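Just so you know, the protein sequences line up as chains A and B, in that order.
The first sequence begins at 1 in this note's numbering and counts up one residue at a time.
The second sequence begins at 1 in this note's numbering and counts up one residue at a time.
Just to be clear, a hint being listed does not mean it is correct.
[What the hints assert, rightly or not] A few chain A residues that face chain B, going by a derived Cβ cut-off under 7 Å, partial list only:
no.: 1; residue: L65
no.: 2; residue: Q68
no.: 3; residue: T496
no.: 4; residue: V499
no.: 5; residue: G500
no.: 6; residue: G501
no.: 7; residue: T503
no.: 8; residue: I504
no.: 9; residue: R682
no.: 10; residue: A768
no.: 11; residue: F789
no.: 12; residue: D795
no.: 13; residue: S798
no.: 14; residue: Y802
no.: 15; residue: S816
no.: 16; residue: V819
Since the hints were derived computationally from the structure, they do not count as laboratory data.
Just so we're clear, the structure is a prediction, and the values are computed from it rather than from any experiment.
Where a beta carbon is used, it is the ideal one built from N, C-alpha and C, also for glycine.
Number of protein chains: 2
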Amino acid sequence: MSKWVFEFGDGAAEGRADMRELLGGKGANLAEMCLLGLPVPPGFTITTEVCTYYYQNGRSYPDDLAKQIDAALAGIETKVADMKFGDAKAPLLVSVRSGARASMPGMMDTVLNLGLNDETVEGLAALSANPRFAYDSYRRFIQMYSNVVLGVEHYNFEEILDLHKEERNVQLDTELDADALKNLVVAYKARVEDAIGAPFPQDPREQLWGAIGAVFGSWMTPRAVTYRRLHGIPEDWGTAVNVQAMVFGNMGDDCATGVAFTRDPSTGENAFYGEYLVNAQGEDVVAGIRTPQHLTVAGKDANGSELPAMEEVMPDVFTQLCDIRGRLETHYRDMQDVEFTVQNGKLWMLQTRNGKRTTQAALRIAVDMAESGLIDRSTAVGRIEPQALDQLLHPALDPNAERIVIATGLPASPGAASGKAVFTADEAEAEAAKGERVILVRTETSPEDIHGMHAAQGILTTRGGMTSHAAVVARGMGRACVAGAGDIQVDEKTRTMKVGGRTIKDGEWITVDGAAGEVMLGEVPTVKPELSGDFATLMEWADVARTMGVRANADTPEDARTARDFGAEGIGLCRTEHMFFEAERIVAMREMILADNEAGRRAALDKILPMQREDFTEIFKIMRGLPVTIRLLDPPLHEFLPRGAQEMQEVADAAGVDIDTVRRRATELHEANPMLGHRGCRLAISYPEICEMQARAIFEAAVAVEKETGEGPICEVMVPLIAVQEELEILKKIIDRVADEVAAETGRRPAYMVGTMIELPRACLRAAEIAEQAEFFSYGTNDLTQTTFGLSRDDAGSFLQYYEKQGILEHDPFTSIDVDGVGELVSIATERGRRTRPDIKLGICGEHGGDPASVAFCNKIGLDYVSCSPFRVPIARLAAAQAAIAGDDGDVVRIAREA
Amino acid sequence: MSKWVFEFGDGAAEGRADMRELLGGKGANLAEMCLLGLPVPPGFTITTEVCTYYYQNGRSYPDDLAKQIDAALAGIETKVADMKFGDAKAPLLVSVRSGARASMPGMMDTVLNLGLNDETVEGLAALSANPRFAYDSYRRFIQMYSNVVLGVEHYNFEEILDLHKEERNVQLDTELDADALKNLVVAYKARVEDAIGAPFPQDPREQLWGAIGAVFGSWMTPRAVTYRRLHGIPEDWGTAVNVQAMVFGNMGDDCATGVAFTRDPSTGENAFYGEYLVNAQGEDVVAGIRTPQHLTVAGKDANGSELPAMEEVMPDVFTQLCDIRGRLETHYRDMQDVEFTVQNGKLWMLQTRNGKRTTQAALRIAVDMAESGLIDRSTAVGRIEPQALDQLLHPALDPNAERIVIATGLPASPGAASGKAVFTADEAEAEAAKGERVILVRTETSPEDIHGMHAAQGILTTRGGMTSHAAVVARGMGRACVAGAGDIQVDEKTRTMKVGGRTIKDGEWITVDGAAGEVMLGEVPTVKPELSGDFATLMEWADVARTMGVRANADTPEDARTARDFGAEGIGLCRTEHMFFEAERIVAMREMILADNEAGRRAALDKILPMQREDFTEIFKIMRGLPVTIRLLDPPLHEFLPRGAQEMQEVADAAGVDIDTVRRRATELHEANPMLGHRGCRLAISYPEICEMQARAIFEAAVAVEKETGEGPICEVMVPLIAVQEELEILKKIIDRVADEVAAETGRRPAYMVGTMIELPRACLRAAEIAEQAEFFSYGTNDLTQTTFGLSRDDAGSFLQYYEKQGILEHDPFTSIDVDGVGELVSIATERGRRTRPDIKLGICGEHGGDPASVAFCNKIGLDYVSCSPFRVPIARLAAAQAAIAGDDGDVVRIAREA
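Start from the sequences and build out the full structure, keeping to the hints where you can.
Below, the structure is given as structure tokens:
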């Protein structure tokens, strides 16, 4: 015989906190509180296994369930001593609540006061000597039960209630007396009978089974199913049902109800924090009709409340509560969020669970608890959601400031910023040079806008997704960005933007909140992040715990400095193409593209060489002693050519050719699918002189820095977009030759490795061969995701909305790595690459390097490091630490956190 | 002790024909001819293992090689009885030839007359009583040896020879007498000494070792290395060296040299075919100075030659040769290509090998030999290169016609066609409607040009590769196409094309040869293919042998008919988007795209439904009883929108909206990488009503055909571009629902399956899940190649040239499947798909379905069928048969054919 029902109450329980899978979170904690000897109204939990059975057997119950429930009901009656379920004189009432492992919207929540009927209500009235209380409880029960169990919509009851209030000429429900409520009950029951074609059930046992069935039934509502799919919660987890004796906080002035946090959930301060209401039921707190009072005098004073604190009103109960606070924290070793009720001066605990908190509070609580010895440092590290750090590292809107939101888009890069709206990159740069703060507004950005994005405080685009050019670059630079705000229409010609009938001109102030994806009118004040000592302390502990390295993607000295400040241990991706877009360079670059032979290209490259060497010199100085992965030129050449006729003419003039030549070359270079075109190592295969120049710039800079400072960087020359081993073989030879030449010329041999970015499915499959040439692999999971899914991240924005709506994708694969598809390719490449070269260095440098779930994946397959935007380095450090602590269970981090 | 040297001669041999790996093709066949008792000059073969040893041991020889060579030389001397190598009086001369398993350009070919020096030349003069012959042989030897062994370039000797001829005032080499040649030898030797700083080697043994070393050395010349890489020949195969006693066809009028084929290599007729020259050496035939004579009287008569046939001149030798012809064919069971020399009336055989032949000849020979019982039918099937059938199935240029080639491009679709040059699809259609033949000339084609391509006889583009839109569509339609003729500049505005200073206007006649990739001026006459009975017979045998099905990719009734004529067993890919481009439909299609809500889209789709149903009805009638795989709408919607302002206005007018709406929608739909954008099943996920309409058209048509003819098709509804199982799950539900509706409405249930095109790496990896929904997979290896390589076939043309030059890719992965990368993904999907659903139907419908090597791959991994262009169906049938016959060795088909 299976045990389907677990009883608790009176300082004893058949369950425990660690039986969460079987009893759900709520049931397990109720049992645990009983075992701790806390005052918990007696009750029982019907296990999640019943839910599973229910669905595996055509919505029917196990044969022996009814007997077990009867026994458990009898158990409650024994514990409450003088009341019986359904007894006309002394009726026992119960609450019925769902309790899954993870709380889930769409599930039935609560039915209170179950057991009331036309007979027992009289008993309750007599017993409490309070007919108004009894009939108020009955009418609430009818409404709640009819709604969640019988499917009669709320409005039916609201209508009747309004009518009654009108008749009696009163405003508030509380002004209705017992007689009025009695009449209301009659009307309610009539409406229910009308709606369902049967009278409202009077048999308490029928009521109980109805409520149990409603909880199990709600497990499969579309909303619950979709939620589970989106959050990866397995269907067979099921939900438990908790049935518990009612206690009443609304029987008089020696009654109360409240909620409390064992520490301050917004600051993390070690102070008791909570609110209560005298003579009220839980739902009154939620309804917001009455102003809740503070638990403590300190809380009351801090908030300038005039209402008395519980500490003053019910000092005995308060002392008891304080004692419970300490016992729960010591026991659960985490900040708790509790619910309680006081009935006729007696305290009852109704729930405890880990409390939600702000990131700042989470840091403080974790550090405090670890320093007081309550938890160890690993546990403290595990208590912070890495993603949540993001909000700490950027300026945020002043929470007290007023704001007029004019549009919303995607929260593409966190931080809040205000500035004058400008509509071209050049203007952004010009205004910034004058000391103005600007927000660059574009339909979408392209590599040509980089200088303007750099000059701006924030970026706003009307197209593109979370991984559009604007979003990726903004995150890399740490600029606030709202992307894809589709309601805004940008007119570059008139330098205006239109939204909701409003026109905003060049120079008008706007504010973007990249964390919320909001665009606001005017300047909204922001507050600077204060990285408290707790942050630093916790990151230190994280660094001790983690085994993977964390590097940053950084293309400029400024990025490199930010990266080191945030704790990066090297550069995992230094893109060289951004270097080509700056003023003088783009001229030379275009000369190279327009040259029709190798000699012409070499002449142009000779001009670029010293500039590129300078870029590297700066970065290498900042990163000396550390590895710097430099990716050779990657984008297709047409990205460097101008688009408009006027700019084409300028380029023609500068290069001394006619505009037709420029136009012809642009046409020649045009590609249907540039993502899959003439880019990456394909450029170097076609024009080896580009690779030569870049290798020379790298090695000369490395040698120069070593000569100057006594310490050079460890250069990792990365060849992008390898599909075939021979590509790397040919280019490695060139790079090695240039290294030999530089060594011969300078008398020093730069420290370097040659490796490749693994970003094509074929490269993953042929990793064993490629590793014969490559000393390191860096997984370029952005492009790998694009090719594996056949999905352009620039274009996906237009239809991924339909995918999200239908729950087809659990998450955006550009944000968090697609473990099943892209992940398998990365695993294959890792295994095959190591088979050829056991000490091959493996890292990841896609956007995923800063995503905690992806970092956990990287840790699981044993990568050496992850690399991400400078601003995400702390997130990656923390995520890597948590992954290391979780060990092989790292892949359930995402799910566990939901629970 | 290893055996490094194998002797042959005098009716005996240590080797055999099946020792090709060890002795190379030439050596093995020389041995075999000896064993057959044919007259072969004695000699020996140094094995390929020596070559391998040579490279594995720093270019040194095995210790015991010299001893074995000395013994073998002595063996020759024994067999020729009265001559000795290096003997001043009776010098034995030898030839030294390379002989790999597969003949290879870049390898050293031949050194003749080796053993001659200042002393032995006199002996030869005396022995032959022909000093001119002796000195001529010596000067030829010096030149040949110096060139191939010592690296002295030919021009050195040509210079001296010209000088001598000038001095003597003669025109031809043959006019130089013995004295002149003697002087020439002196001058030659001086020039050699000058060039290499040492005298020309006089020691015959040194000469011999020099020549052997030159053969082995030539195995690693860059040209040979590249050739091997391109043809997949392993480096460790090595080459053999053949050393053989010289016989002379140039010692007098009872001497001759010649080549013969045992059957006619151009028609395959069972007639002896060959040419000879009296008193000549082999190289004279090649030099083309003298006109060769026919072997047979019949040959002489047929060619209107006045020179006597060997049958007449040397009847005895001819009879002997005829006897050998019969014996060789009976023995080798294939048509042989032999070389022979007659020295003083005695016939010597110098080589036999399988003869090259035209496809028509190959068919005839294979069928004749099988019918005469010489070979079995499987062998006959294996004798035809499937690819070669292509030339049989299309019209070809009259080989006797004159032609002025004005440009060359890629041979994108076989067949030759003439017509008036037209520059737009509309014009092509208009002219064709008037009965004109036209060639459509475009920079590149797009789906909007389909109607024009259909109306044209041939297509010429100046951009794009072998798998560009033009090429793919032309092959599918069986239209001749030359693609990527980069020298031509098309000006659509003035309706002209320019090439090499010539301007061709609208309406001028041009001819394209899609098999050769040539563009010609004017009309060049063509000849129709005659598919003789041999073709039909052989294809019948192939169908018996093969185990895989062969279907065709067909979008129109015309294609479907062609496909059945060529033996297709169903349609493996019916693309529906081409149906949307025709006149009325595109209007409705555009209406749908411009609609801004579902109702608007449905209204437009309602107009398309009956037209689409009609398309399917026609095709289903042709294919009744057979499977037809219909792919739901695949291309991104912007492909259907107009590009120019005028056309936009027309569309706006037709749809009753303003042009700004059209322009805005076009901008909204614009994509950076359409290949990776909003297409395939993503359209149906966004707009399920499109999927509904198409499913309805399919099912209604299927039911109608079944009602009309008593037999419907087996509809395979194919959902394209699945990346995630849920996509298919959602769309399958819609398709199943529509099927139910049609069944309810019509009273008949259409026979159908739902499956997917596997064309993304992720789909391959997740095939196990996808197969839960899919009843069939069709591998779309075009797109799978694009995503696996990250390579756009439209854009690859611009840089793949650099890849070919450097030998990075063995073959174009869009032409022949990349077994290592794409192939592994297909294997993974096959294995995982079958694990979930053992009876899942598996096929391939990319361009690869018509490529023999790819067909062999499909057979190896056990696919159920391949599908290809109608015109390639016979190729696929033959390739499938060969793959089935080859069994598990199928993957070496490509290499073996080279050998």
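Verification of the hints:
1. L65: Check failed: Cβ of A:L65 comes no nearer than 33 Å to chain B, outside 7 Å.
2. Q68: With Cβ-Cβ at 38 Å, over 7 Å, it is violated.
3. T496: violated, 17 Å
4. V499: violated, 16 Å
5. G500: Status violated, d = 18 Å.
6. G501: violated, 18 Å
7. T503: violated, 18 Å
8. I504: violated, 20 Å
9. R682: With a minimum Cβ separation of about 5 Å from chain B (threshold 7 Å), the hint on A:R682 holds.
10. A768: Violated, because the Cβ-Cβ distance from A:A768 to chain B comes to roughly 11 Å (cut-off 7 Å).
11. F789: Holds: closest Cβ of chain B sits about 5 Å from A:F789, inside 7 Å.
12. D795: holds, 4 Å
13. S798: Since chain B brings a Cβ to about 6 Å from A:S798, closer than 7 Å, the hint holds.
14. Y802: holds, 5 Å
15. S816: violated, 15 Å
16. V819: violated, 11 Å
Figure legend: structure checked against the earlier numbered hints; hints not met, in rising order: 1, 2, 3, 4, 5, 6, 7, 8, 10, 15 and 16.
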